[in-house]
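Asker: Whole structure, please, built from the sequences with the hints as guidance.
Here is what each chain is made of, one letter per residue.
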Amino acid sequence: MELWFSERHTPHVKLSIRVDRQMFSVQSEFQRIDVFDSKEFGRFLTLDGYMMLTEKDEFIYHEMIVHVPMAVHPAAKRILVIGAGDGGVIRELTRYSSVDSIDMVEIDPLVVQVCREYLPKTACRLDDPRVNIHYEDGLRFIRSRENEYDLIIVDSTDPFGPGEGLFTREFYGNCYKSLKEDGIMVNQHESPFYDEDSQACQRAHKRIVESFPISRVYQAHIPTYPSGHWLFGFASKRYHPVHDLDAVRWDLLGLKTGYYTPRLHVGAFALPAYVEELLRDVEA
Amino acid sequence: MRGLTQNSAPIYEALERFRRMRVVPFDVPGHKRGRGNPELVKLFGEQCVGIDVNSMKPLDNLCHPISVIRDAEDLAAEAFGAAQAFLMVGGTTSSVQSMVLTVCKPGDKIILPRNVHRSVINALVLCGATPVYVNPDMDHRLGIALGMKTEQVEQVIRENPDAVAVLVNNPTYYGICSDLKKIVQLAHDHGMLALADEAHGTHFYFGEHLPVSAMSAGADMAAVSMHKSGGSLTQSSFLLTGPGVSSGYARQIINLTQTTSASYLLMGSLDIARRNLALRGREEFAKVVSMAEYARSEINKIGGYYAYSRELVNGGSIYDFDVTKLSVHTLDIGLAGIEVYDLLRDEYDIQIEFGDLGNILAYISIGDRRQDIERLVSALAEIRRRHQRDKAGLMSHEYIPPEVRVTPQQAFYAPKQAVPLNRARGRVCSEFVMCYPPGIPILAPGEVITDAILSYIAYAKEKGCSITGTEDPQVEYLNVLEEA
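So the protein lines, in turn, are chains A and B. Heads up: the first sequence begins at 1 in our numbering, then just goes up one per residue. Heads up: the second sequence begins at 1 in our numbering, then just goes up one per residue.
Because the hints were derived from the structure by calculation, they are not lab data. We put the beta carbon where it would ideally sit given N, CA and C, even for glycine. Among the clues, some could well be false.
Distance condition first, Cα-Cα at most 25 Å in a straight line; then the derived BS3-like pairs of lysine-lysine [as the list claims (entries may be wrong)]:
| # | chain 1 | residue 1 | chain 2 | residue 2 |
| --- | --- | --- | --- | --- |
| 1 | B | K391 | A | K177 |
| 2 | B | K301 | A | K180 |
| 3 | A | K177 | B | K301 |
| 4 | B | K391 | B | K461 |
| 5 | A | K121 | A | K39 |
| 6 | A | K206 | A | K177 |
| 7 | A | K39 | A | K14 |
| 8 | A | K237 | A | K206 |
| 9 | B | K228 | B | K287 |
Computed from the model, here is a short list of chain A residues facing chain B with C-beta under 10 Å [claimed, not checked]:
| # | residue |
| --- | --- |
| 10 | R140 |
| 11 | I142 |
| 12 | S144 |
| 13 | E164 |
| 14 | G165 |
| 15 | T168 |
| 16 | R169 |
| 17 | F171 |
| 18 | N174 |
| 19 | Y176 |
| 20 | E210 |
Answerer: Here it is, written out as structure tokens:
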């Protein structure tokens, strides 16, 4: 028997993973949620048929979206995480004893429930006493917050479907307002490679540039995402992502990581020429 | 109706049968299912161009319907509680005009509020009837014209016992309703017909706890914009008649100006939309109401904005309010409605229905999603944070009672000249001037140009309103009657 999960990365390209067995499938109010087991990537989660994470490569995404801002901000205590129902971002954040509280805003309670049951490797720290989970639309949650957070992590799905509102100017503007005067926002920024993705990436960058005085983009290699080349946005009111990196302080924390290092941190902001160009196009 | 129920969609079903027959076309349209114009297929898809066909026996003929179109009209009449329904393909403008032309002959008087859509006054240009205006009250804080008080209507009826009909907006663009039942009663008591412009009231026929619809209020005719809240394609509409109007005569009037090549895309869409509303309208509009109520409460939490609703109801000029309308007063954040309208589009990729001097209107309908409401509310919050300023110097719209010198038709066809705005004061205008949307005339043909009107036009231009109706595209000149 051969059972394959396929995701179209463009109308003409797809990625297929051989499935050992399907563990779970449900249609929530917002999306279809599936969990599969595979030999190559271990267990993986898809939403509306789009790959969210696999056990094998999720560490790359979660380390890069968390440790980059945490190594820059000297004292990130109040943190807001939007999306992130799988718990991976929370797992990385709770490794910092300096963090006082984490508000996690996830629109779909079923995603959290499914991940708690089927993806304990990422959902393992959702019960940390510092974590408050709010099942709410991210855009709505953030509307009424002002000058509250040191760090906002936007762990969204794609710019279509339930995550659409998290790629808009009104969302980034509201994030700006919710951050303290030295706050940082980090977001998953899509891929620069295929045409449609790169346009989404450009649009998101344009809107962030319009909302924040400092806006830089960094990259990571994530094998199961379209093209494997993935970007993150680093937007901030005061700190520069590279000049304000405090590598010594971060090293002293003694966190063991599989992908992130302060050396890689600096390199991740050095982008390929074509990516620099497509970002520059919307910065004017 | 040959045993048809609201589950049927006769035109849609006939189009499906027609598609399966694979009839070889040696008739118009000449694109022949798109083969002659591949770009058309690329843009609209094969499904769509394949049913862009002409009238023929199996598909009936809108000018003289005897089979599937007739059935569709009968089902629509039943769904709307009308004696007769007409499928209209020239927009609700054509419904309104056919309605007025059906009841008015040259020289007849018709009683109507001045804040009507231009299509009503256009009809008066066509037929030569004389408007007798009821000046609507204003809400001075919001700067919007309201409904007609029944006392006002009664007085105008007594002063003009020879008028043939009373026309009512049900509701206005902003969602304001007059006491339609009472006005219909008054009109009928005085031997006049009652007409309703329901361009913004399709949902009244299907939703619960909404203002009364024209047909259930006993009105004689209603123009219903199915393509607005009803979900059919743009430019499709219904004209409804009650038992007191000859439907044969109404059809003749419609045929005076209606195309003989009515689009089956439009007619099919009316048929499907009617079925949807008849079967699911109640739940659909309950959702629309709850989304609008949610948006209102969230917008009112932002501060500065005022999203208004039933609390305005005063038993007279605001007899009822259509809660599906999301109208928001913006002046208290120091921005004109039109400025918020432009910011929403230019900076947030959100297109709303219109902005006037003091208000915006976001159209909430059966196609909306909660997540999009969140975007709208958040964008409004951001606009307040980023653009809020002192409200000094902002003007709110004041209703300017018109001074009618000659009938719209006389003014339209009289010898005229173009004069620059600054020399137009005191002259009689021979054309329309309006902000579009909402398309309610500031000046209609036959009305005197006053200082108040000129400063309103200057201010609206400065704020970026799109001013239309004049022959001069720049609106620097106005056509006025030549002085005798």
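Asker: Could you run down the list of hints and mark each one as holding or not?
Answerer: These are the hints, each one checked on the structure:
no.	hint	result
1	K391/B with K177/A	holds, 23 Å
2	K301/B with K180/A	holds, 22 Å
3	K177/A with K301/B	holds, 16 Å
4	K391/B with K461/B	holds, 18 Å
5	K121/A with K39/A	holds, 16 Å
6	K206/A with K177/A	holds, 18 Å
7	K39/A with K14/A	holds, 19 Å
8	K237/A with K206/A	holds, 16 Å
9	K228/B with K287/B	holds, 16 Å
10	R140	holds, 5 Å
11	I142	holds, 8 Å
12	S144	holds, 7 Å
13	E164	holds, 6 Å
14	G165	holds, 5 Å
15	T168	holds, 6 Å
16	R169	holds, 5 Å
17	F171	holds, 7 Å
18	N174	holds, 6 Å
19	Y176	holds, 9 Å
20	E210	holds, 8 Å
When the structure is compared with the earlier hints, no violation turns up for any of them.
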